[in-house]
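Visitor: Between the sequences and the hints, there should be enough to build the whole structure, so can you do that?
There are 4 protein chains.
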Amino acid sequence: MRFFSDNAAPAHPKVIEAIAASNRIDSAYDGDEWSNRLDAAFSDLFETDVRALWVTTGTAANCLALAALCPPYGAILCHRDAHIEVDEAGAPGFFTDGAKLMLLDGRGAKIAPADVAEACDRVRKDVHQVQPAAISITNATEYGLIYRAAEVAAVGELAKQRELALHMDGARLANALATTGESPADVTWRAGVDALSFGFVKNGGLNAEALILFRTELADEIAVRRKRAGHLLSKGRVLAAQILAMLDGNLWLTNARSANAAAQALAQAAPGRLVYPVEANEIFLNVTTDEASALRAQGFDFYDWGPGEIRLVTSWDQQGEAVDRLAAAIRDL
Amino acid sequence: MRFFSDNAAPAHPKVIEAIAASNRIDSAYDGDEWSNRLDAAFSDLFETDVRALWVTTGTAANCLALAALCPPYGAILCHRDAHIEVDEAGAPGFFTDGAKLMLLDGRGAKIAPADVAEACDRVRKDVHQVQPAAISITNATEYGLIYRAAEVAAVGELAKQRELALHMDGARLANALATTGESPADVTWRAGVDALSFGFVKNGGLNAEALILFRTELADEIAVRRKRAGHLLSKGRVLAAQILAMLDGNLWLTNARSANAAAQALAQAAPGRLVYPVEANEIFLNVTTDEASALRAQGFDFYDWGPGEIRLVTSWDQQGEAVDRLAAAIRDL
Amino acid sequence: MRFFSDNAAPAHPKVIEAIAASNRIDSAYDGDEWSNRLDAAFSDLFETDVRALWVTTGTAANCLALAALCPPYGAILCHRDAHIEVDEAGAPGFFTDGAKLMLLDGRGAKIAPADVAEACDRVRKDVHQVQPAAISITNATEYGLIYRAAEVAAVGELAKQRELALHMDGARLANALATTGESPADVTWRAGVDALSFGFVKNGGLNAEALILFRTELADEIAVRRKRAGHLLSKGRVLAAQILAMLDGNLWLTNARSANAAAQALAQAAPGRLVYPVEANEIFLNVTTDEASALRAQGFDFYDWGPGEIRLVTSWDQQGEAVDRLAAAIRDL
Amino acid sequence: MRFFSDNAAPAHPKVIEAIAASNRIDSAYDGDEWSNRLDAAFSDLFETDVRALWVTTGTAANCLALAALCPPYGAILCHRDAHIEVDEAGAPGFFTDGAKLMLLDGRGAKIAPADVAEACDRVRKDVHQVQPAAISITNATEYGLIYRAAEVAAVGELAKQRELALHMDGARLANALATTGESPADVTWRAGVDALSFGFVKNGGLNAEALILFRTELADEIAVRRKRAGHLLSKGRVLAAQILAMLDGNLWLTNARSANAAAQALAQAAPGRLVYPVEANEIFLNVTTDEASALRAQGFDFYDWGPGEIRLVTSWDQQGEAVDRLAAAIRDL
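Chains as they are written, first to last, in numbering that gives the first Met the number 0: chain A, 0 to 332; chain H, 0 to 332; chain W, 0 to 332; chain F, 0 to 332.
If you are wondering where the hints come from, they were derived from the structure by calculation, not from laboratory data.
Quick list of the computed label-pair ranges, beta carbon to beta carbon:
hint, chain 1, residue 1, chain 2, residue 2, range
1, F, D104, A, G307, 18 to 26 Å
2, F, Q318, A, D120, 36 to 44 Å
3, W, K124, H, R79, 17 to 25 Å
4, H, P276, F, E220, 41 to 49 Å
5, F, G271, A, A293, 57 to 65 Å
6, W, D120, H, T287, 20 to 28 Å
7, F, Q160, A, R161, 41 to 49 Å
8, F, L102, A, Q160, 25 to 33 Å
9, A, Y302, H, N249, 34 to 42 Å
10, W, K124, F, E308, 55 to 63 Å
11, F, G30, W, E320, 24 to 32 Å
12, F, E308, A, E46, 47 to 55 Å
13, W, A296, F, E216, 36 to 44 Å
14, W, Q297, H, P276, 53 to 61 Å
Virtual Cβ for every residue (Gly too), placed ideally from N, Cα, C.
Guide: So this is what it looks like as structure tokens:
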């Protein structure tokens, strides 16, 4: 039973159906009827005019956004454990043509406005030092913590004061919103977010993510950069159709609630072992090497996350028996 | 009836089936069982050990290969009408970090060894001029012409003499091989090709192309570059499964034969109007503006290709009535 | 006697004196008194507020300007024989992070507005093709021809219509102005030039060129790019002092007149052999291989420029005997 | 009296003389007699065959070397306070096309082999994380500490084990060697250094630094990169001549000894205030804000270096009265 990553889960059946249904001739690239519906669909969801571009990976969404928000000679402030720093093979450096990630600390991969401010203040305002140009936050974070709307707004306020752009890596934004019940608008553009990588692949999608531009004037440039990075698929309709299927009837929210519920079930089985509060679909537990081995011996797969620590991730499709069995196994340690 | 582009055609039903069938949990990225079968499947097809990486677009396949074959300060020799020059939004410059395309002439987008040699000879061997590092040819070309194995070998021989790498953009290699009946091996590595972008999307695939490395030592670097370019999909199994479905029972060849047969049917309807001999699935016709309008009035869609010239492209799924009607309409002009 | 290149000539004694005179402690980088005088000095010369930055090479001046004027995904229109295309080792691709040079034809390396317009018109307005963003012209051209103010203005007018930036490579602008007597203002910003590489090194300077920004808002970005490219010398005063020495009493104009006079002397010796009219300090002559050998046997050095053609370049310090002897030798061929 | 930076000091009179003496016609770029003598001169100094290229800044030397030693998708391990990280405006990212600096801690900007090893061990060996490719150390460090030959060798040994290239930023290598009396060979290639930025500008040079390649096969590539970065000056003889003047009679060592002696004089005036031992020509002192003001009121200029700390840097030309007066002023605080 895999608790490695929500990445590895299957796509939701409705997504597969949508792919099959869109498999007919239409205009190539993003000229088809599905792609043409994205702007409106996301504008509805976010209660404001947005531009929405499909891409196949979160890395592409993040880095296309950052390339438009930060010049090659600028810096992007992010957490030391941010996905863009740790798990994208240097993609931000590639897409931005050499911009720098300026790393911040913060519990559970969350960054605080005060830390951003301090990092900015450390930089001399001269040509010798790389000047900050953007902030990127991940919501939910790489450790499953959530920025609530007010917290994002505090970062957004600082970004505005310092004339920094604000990007949100929302690979698990669905899980965050499923927990807080806040509106997509409140936690993004109303809080100062300029661009959002809205993740679907970890949440029941197959291979389509959405890059949402609240500063709509960025979209044309990013569309060019998307093509230039080899990310303009010729049958893009199949990506748009997936996303529309995920939006339809708020499937994205339903799926995220399932994953979160599974995470809560596991968290409740191990209250004394939690490294972080469980706010989305990731659970970090303190377990000994022997305990980890014992879990694996029962057929559970997961990541070791540093000494004495493991990571469990639940998916939209995990419920019932597998979760119950793992919860029981954890209780029995 | 669309004769715009093979890009826009639907995927083959077996490809959609393969996607659905691979929609179950497995290792993320390219650690799954389908991805793991690619090297062997293509090694069989090419009768030698190769490494094969899936990507979602031909642009990504081409440019990842070129980035590994040409340093940032080198030049890639290609035809003036090559896709990498004309239709990839400068992606080669992006992926290679600034390498230069050195443009050659040649009828029907084919380049001749003598022209390559001459272009090389024009470059002074000093640090002031960009030195050629690679050649890229497209087979079938952007005008539907074919390099036969002996022709590729002549380019390959020159590449070897000049210490240039050789890349083949095989977005329509299937159509070329369907016509010539030559073996995949003969037209590629036996002829000196180092890396091949093997296209499936124009030929019944949905969103998976294969990058084949005959110089297998390049694969690890390219795998890193693929991730760094945001092209490592988390559910990569769905790409591998598509490709395997295309290879299964030589579906790729069957599909290409269908498209080529349709093209021949159209060519035979217009022997006096052909700009180029029809060797694959593209037909360029001399027609007046009025004639083009007349065809469009009958419901046929296609590209205008310069004054007095139109481009028709046939797809794997086009046969029977639509083709017959267009052939008749052309005859009636 | 060297007629290879004005590059190789010695610096003017006043430049060497200025270097020695500036060799005392002052603020590092460009904070010194000499650097601080550049903006005013060039604003005087150009009769408008400009920003002026020293760099050590024309390549750096050209490419820093182009990097600010053209995005990585844009194209720069220039002549096929432009220095930026032919002799800068791909530096434009490096500094712009991958922008493309779009090459134009034109007699004597001059480009005509109609050719620029045609090149722009050939580009489809979509994301697949690289869109033009800037024009770069060289004055005097690589073949020693001159753009007069009205000619630049015609290019500038087109640039404005097409929303293209306009850069002038003025490695030999001094020679152009020495011939025409036009004002620096008329041939640059009044004609629509946004940024000028103003050359001194070929004209009596040692290792200082000036990058002049008529769009002054570009200067801060370019100052950052200059540092990032390793071009911010710590004892920059020595570059500023050289440039000020060249401006003092219009030494730059005096030097250029000397070089041009020498060129005219040679041109008058070979009226029937001139490949181009001699408008600055470069002379291209039709000579046979035997004739070229005969000249070399008398001690004259110069470039072969294609079959049956040689290039002579005169310098600020070439006058009197050497030129007379070469003129006589040419007459005697 | 300026104790801001050795950067700002004048050049040594012999350097100015060498510039004047080389101011005659010769081959352009690096084809002249002075440039041609560099390889031999440095091969003598380093007791092995080396290739030596002039450049005008330490940033260019460092980053050209790093571009050859680290691929765009690799990482360079360096200290958190290294010049390449803190004071080069992101130049490493520009020259390497996006490589990452991986930052290490260590007292006084020195890095220890164990820290390098630990940093490497933290990186998963997969395509998601940027893999280390090179180490860069600064000798003397940004805080004036010295790596002795044995210490470099320990880093070099680790580099070899981990298959990492080793670069030394020797902006103040002269000061280091003046202190230790070790041989240039022992502290560089015999200790595993692949490429050295050998600084002259802070030590009596005007605007010439040397990039020394112990792996001589790198030189041709770097020569191309130098041109491509706009760093191939057309009258390069003036840079080579400066460097040769610095090597002549070991002027570089004499100058460094002077600067170091001045630093020792200051250090001895403030034994209780030293933040770091004074090993080269930089002195970091604990002083209160009032004390710093008192020094400035007496005409001494220097940097504030964080709260309660100042930096003094001595130069080759500082001796006698100014140093004595500052030493006295420090004693009197």
